[in-house]
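2 protein chains.
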Amino acid sequence: MRVGILGGGQLGWMTILEGKKLGFEFLVLEENTRAPACKVADGCFTKERLEEFFRLCDVITYEFEHVDEEVLNFVSPKLLPSIDVLKIKRSKVQEKLFLERLGYPVPRFTHCTLKDLKNKLEEFGLPAVVKSESFGYDGKGLYRVYTLEDIQSIIQNHKPDEVFLVEELIDFDFEISIVGARDKEGNILTYTPTYNYNHSGILLYNYTLEEDVKQAEEIFMQLAEDLRYVGILAIEFFYAKGKVLINEIAPRVHNTGHYTLDGSYTSQFENHVRAICGLPLGSTKLKAPSGMVNLLGLSLEDIPIHELLSIEGTKLYYYGKEKRPRRKMGHVNVVSEDYQSLKEKVQKVLQTIYTGIIFGYGRLQGYAQPT
Amino acid sequence: MRVGILGGGQLGWMTILEGKKLGFEFLVLEENTRAPACKVADGCFTKERLEEFFRLCDVITYEFEHVDEEVLNFVSPKLLPSIDVLKIKRSKVQEKLFLERLGYPVPRFTHCTLKDLKNKLEEFGLPAVVKSESFGYDGKGLYRVYTLEDIQSIIQNHKPDEVFLVEELIDFDFEISIVGARDKEGNILTYTPTYNYNHSGILLYNYTLEEDVKQAEEIFMQLAEDLRYVGILAIEFFYAKGKVLINEIAPRVHNTGHYTLDGSYTSQFENHVRAICGLPLGSTKLKAPSGMVNLLGLSLEDIPIHELLSIEGTKLYYYGKEKRPRRKMGHVNVVSEDYQSLKEKVQKVLQTIYTGIIFGYGRLQGYAQPT
Numbered sequence: 001m002r003v004g005i006l007g008g009g010q011l012g013w014m015t016i017l018e019g020k021k022l023g024f025e026f027l028v029l030e031e032n033t034r035a036p037a038c039k040v041a042d043g044c045f046t047k048e049r050l051e052e053f054f055r056l057c058d059v060i061t062y063e064f065e066h067v068d069e070e071v072l073n074f075v076s077p078k079l080l081p082s083i084d085v086l087k088i089k090r091s092k093v094q095e096k097l098f099l100e101r102l103g104y105p106v107p108r109f110t111h112c113t114l115k116d117l118k119n120k121l122e123e124f125g126l127p128a129v130v131k132s133e134s135f136g137y138d139g140k141g142l143y144r145v146y147t148l149e150d151i152q153s154i155i156q157n158h159k160p161d162e163v164f165l166v167e168e169l170i171d172f173d174f175e176i177s178i179v180g181a182r183d184k185e186g187n188i189l190t191y192t193p194t195y196n197y198n199h200s201g202i203l204l205y206n207y208t209l210e211e212d213v214k215q216a217e218e219i220f221m222q223l224a225e226d227l228r229y230v231g232i233l234a235i236e237f238f239y240a241k242g243k244v245l246i247n248e249i250a251p252r253v254h255n256t257g258h259y260t261l262d263g264s265y266t267s268q269f270e271n272h273v274r275a276i277c278g279l280p281l282g283s284t285k286l287k288a289p290s291g292m293v294n295l296l297g298l299s300l301e302d303i304p305i306h307e308l309l310s311i312e313g314t315k316l317y318y319y320g321k322e323k324r325p326r327r328k329m330g331h332v333n334v335v336s337e338d339y340q341s342l343k344e345k346v347q348k349v350l351q352t353i354y355t356g357i358i359f360g361y362g363r364l365q366g367y368a369q370p371t
Numbered sequence: 001m002r003v004g005i006l007g008g009g010q011l012g013w014m015t016i017l018e019g020k021k022l023g024f025e026f027l028v029l030e031e032n033t034r035a036p037a038c039k040v041a042d043g044c045f046t047k048e049r050l051e052e053f054f055r056l057c058d059v060i061t062y063e064f065e066h067v068d069e070e071v072l073n074f075v076s077p078k079l080l081p082s083i084d085v086l087k088i089k090r091s092k093v094q095e096k097l098f099l100e101r102l103g104y105p106v107p108r109f110t111h112c113t114l115k116d117l118k119n120k121l122e123e124f125g126l127p128a129v130v131k132s133e134s135f136g137y138d139g140k141g142l143y144r145v146y147t148l149e150d151i152q153s154i155i156q157n158h159k160p161d162e163v164f165l166v167e168e169l170i171d172f173d174f175e176i177s178i179v180g181a182r183d184k185e186g187n188i189l190t191y192t193p194t195y196n197y198n199h200s201g202i203l204l205y206n207y208t209l210e211e212d213v214k215q216a217e218e219i220f221m222q223l224a225e226d227l228r229y230v231g232i233l234a235i236e237f238f239y240a241k242g243k244v245l246i247n248e249i250a251p252r253v254h255n256t257g258h259y260t261l262d263g264s265y266t267s268q269f270e271n272h273v274r275a276i277c278g279l280p281l282g283s284t285k286l287k288a289p290s291g292m293v294n295l296l297g298l299s300l301e302d303i304p305i306h307e308l309l310s311i312e313g314t315k316l317y318y319y320g321k322e323k324r325p326r327r328k329m330g331h332v333n334v335v336s337e338d339y340q341s342l343k344e345k346v347q348k349v350l351q352t353i354y355t356g357i358i359f360g361y362g363r364l365q366g367y368a369q370p371t
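Those sequence lines, one after another, are chains A and B.
Numbers 1 to 371, taken from full-length UniProt numbering, label the letters of the first sequence in order.
Numbers 1 to 371, taken from full-length UniProt numbering, label the letters of the second sequence in order.
The following block holds chain A by itself, in its conformation from the complex (with noise of 0.2 Å):
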């Protein structure tokens, strides 16, 4: 079997370090050939091959969303999840209108472009969030909204036609997200939900929660069979006043499941090949309590490799990319054999990353008992 990936990222590396287990080969189509993922893949490709690429690929999936159009429609017929998904999740407008015309709980919201915005936004109340249409993704391109005056800056950041998602600014508890699977013959299996923590917009941490979710995984077993999906989705929640919300949902693998490279009898990115090569999925029970901490714009010369490693049951994946700001660098996952001190460590490994080198994170926050 081998496996076209669309995208060099660390997605695409870690989906191949995995899957290279079960025998199958893998083709990068990527323009940095000095990618992640091109440098543990059989084949990397650049757009002038793309002929080819498809050729030689059984089936085709992607590491991130934003594809190349003309690409995109090249590959559709191999490609799995079906583009039909991705179409929906190239506009956060489409994405939160087609959840909406389901029945699923979003936050209040509407669109309109740039130069309305100011109207839109007398008349939608606030404060809002505003985030931009196609763009966007780690906290860039959203904005959120307390008076009229915080327009300025998206004003001088974007351009007058293009089209922006408002929404509620939800007061809620935290942040929870769903990751599973759903194979070519309908089986769906979800992961431990975890509690995740975010920084101006990114993923700092996570961890698995103790209690079932059970809204949300409902949630997610219905949207999974609604599209008809095979591979791994990921749908993140607000969770406020014992209820959950979709903020966005993601059609691939997903920095909140990274936990289930050590934590799950079957990692993510193993179930995503599985499912999309016509395997039966595995389990997504939990080993034990996991937790992940990002490497956020530092290097390896950065971190205090030998203090990290010495917390017990702490794994570091570095991806090997170009350090910029904020740039998912690498990450640590954690296991531990309770939740207590699953949290300790997670603790510990943020302190050992990040006290005082890039931002302060407070202390670990603790999260209200999903009930």
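What the hints contain is simulated information worked out from the structure, not anything from laboratory work.
Treat the numbers as computed from the prediction; the structure is a model and nothing was measured.
Misleading hints may appear alongside valid ones.
Result set (DSS-like, lysine-lysine): computed pairs, CA atoms no more than 25 Å apart in a straight line [as the list claims (entries may be wrong)]: (1) A:K343 / B:K120; (2) B:K348 / A:K285; (3) A:K285 / B:K285; (4) B:K159 / A:K285; (5) B:K120 / B:K159; (6) B:K39 / A:K47.
We have chain A already, so just place chain B on it with the hints.
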């Protein structure tokens, strides 16, 4: 950090798949560029480029013991574990003499050339096990001699001046092994001991023991220290009447430690890389009861992969080697919630792979609880 590996087999392949997570580079010295480790290495070198290989590597290790003598001497300044350990191990006679000299428990033994074998056996007593000094792994070059007529097959296969180790045939209850690591600072950690089941001298399956085997663990700690060892070391023991005898040592990552990839906090492969690179060892704690079944002489097409991967907690490692009878082509790791269900799953994996195909393996062997 750039790590060199002598040999391109599956042990190198798994070392690289695990070690790349740490952001390290791996170069392989191997004549067959289609060997498993070459497919995941950052570079594959043949012997003609030995000097370049040596110069580029920060540290060099090996994944099989029968390394070319010239190569071994050339790379020895950067070699870990050290050349001294490997030299002892490369002669089955030297290995036993070394262990006996330091007072470790070994079966009664002697040695001789093939032309003296008959006389030596008359003096030593039968039954005995006769092993070629320099060649022999996975049951090759190993003979059980019950009567003096049995030595005819040895005479047919070997030269008169070849040296043989002669050992008493131990009536052991079962075989166990301990895999562990010693780092550069002298810290030693052992993994959970395993019960091993061999078929015609080759490991068929193993699984973690529920109880400690204190005597074996103490021997491991002492031997790793006596050798001033750095890296992963494995010791195979016969367990007979409540006591252990060393069968053999392996100064490298080991087939009986493959379960650590999914069962332990840190795999044997990552800990080998950590140790030789001067990093602290990762925890060797068990996440869940674990086992392993070897795929012997079977390619991916020969096994019912859907059925196999549907068994909860199974994970396939397929090395991509050319198929040969009895050859280790891959393995299946198994994790479970408790020891009873683990053994049931290992049994199920064995049945799924081998029933009616290659050889019967009989019922899954129980084991006498070590005390």
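ask   = Which of the stated hints cannot be reconciled with the structure, identified by number in ascending sequence?
value = 1 and 4
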